[in-house]
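Visitor: Chain residues, written in single-letter form:
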Amino acid sequence: MFLLDDLFLRPITSLLTVIHDMALQERYDVERIRDDIKEVRLLYEVGELETDAYERRKATLESELDVAEAARERLSGRVEVKR
Amino acid sequence: MSADQTVADEKLYVYGVVEDEGVDVSTPGVEAASDVYTISHRRHAAVVSDIDTLDPDESDENARAHDDVLREVMTAGDGRPVVPMRFGMVFDSERALKNVLRNSRVELTGSLRQAVDREEVGIKVLVPEDGLADPEEARASIEAELDERAEDVEDGDLFSDRLLLNRAYLVARGRRGRFDDAVDAVREAYPELTVQYSGPWAPYSFVDFTIATEA
Chain A
1 MFLLDDLFLR PITSLLTVIH DMALQERYDV ERIRDDIKEV RLLYEVGELE TDAYERRKAT
61 LESELDVAEA ARERLSGRVE VKR
Chain B
1 MSADQTVADE KLYVYGVVED EGVDVSTPGV EAASDVYTIS HRRHAAVVSD IDTLDPDESD
61 ENARAHDDVL REVMTAGDGR PVVPMRFGMV FDSERALKNV LRNSRVELTG SLRQAVDREE
121 VGIKVLVPED GLADPEEARA SIEAELDERA EDVEDGDLFS DRLLLNRAYL VARGRRGRFD
181 DAVDAVREAY PELTVQYSGP WAPYSFVDFT IATEA
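Protein chains in written order, with my numbering: chain A, 1 to 83; chain B, 1 to 215.
Hints are supplied without guarantee of correctness; some may be wrong.
[What the hints assert, rightly or not] Partial list, computed: chain B residues near chain A (C-beta under 8 Å): (1) PHE159; (2) SER160; (3) GLN196.
Hints in this document: simulated from the structure, not taken from any laboratory.
All residues carry an ideal CB built from backbone N, CA and C; glycine is no exception.
Please work from the sequences and hints to get the whole structure.
Guide: So, in structure tokens, the structure goes:
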């Protein structure tokens, strides 16, 4: 019985781990968030974003960056972001 | 505050290095520092202001202050070569900074020579939100137009899908007019593109000098 459980569950747990790691990679991709901040600043500088919209989007992205950096620190070694 | 009056527990934010001559900066510095001054060792002088942290906030205001100080230093009078530091270079003490000036004097002399009568300008070209029919053709044409009027070029990071081109150009100060004309020609040839032309900047992308802060 143990052998059967092991055989059935192992592929599922491996798949879940892969999916979980992929989700972490996407969520805590610090470089992507930094690029998004640079893009928002550029769009503001060339006049495609109003000041209010720029400030809002920048604040949101900076919060995301803080969270991502903290998470990457906590998960150091577990999450590898492939670009 | 003069260099001799620097309070022991204050740190020094460094903007760049020039040849030791009178530098009078009126632009406020990073963290709104009101006094930007120099600390010299032999023929080199670091342009600095006092700061109370080793890790200044990377805000838009601070980044702009860093650039504004460097621009004032490099454009004063007939222009002065400057070896720019990247944003965030802080030294614990005047002594540590002087050690770096002493240990790097050969590299600094070479880097200052590279910067004489040259300035950096930046070009970013954005495609419209709905894209461009032949981006490769446009990129090649723009690069050909601009490259021949510059002394050197460095590709920057294409951090946005909208960016067709992100480049820094090193331009002889006396030939800026020709480069400006080339940028105007690009704008005329591609009215559907957004061209951001910035500068002059200190030659961050071309002066080959880095500092080890632990020196």
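Visitor: Given GLN196/B as an interface hint, is the shortest Cβ-Cβ distance to chain A below 8 Å?
Guide: holds (5 Å)
Visitor: Taking the closest Cβ pair, is PHE159/B under 8 Å from chain A?
Guide: holds (4 Å)
Visitor: With chain A as the partner, please determine if SER160/B meets the hint condition of a C-beta pair closer than 8 Å.
Guide: holds (4 Å)
Checked against the numbered hints given earlier, this structure breaks none of them.
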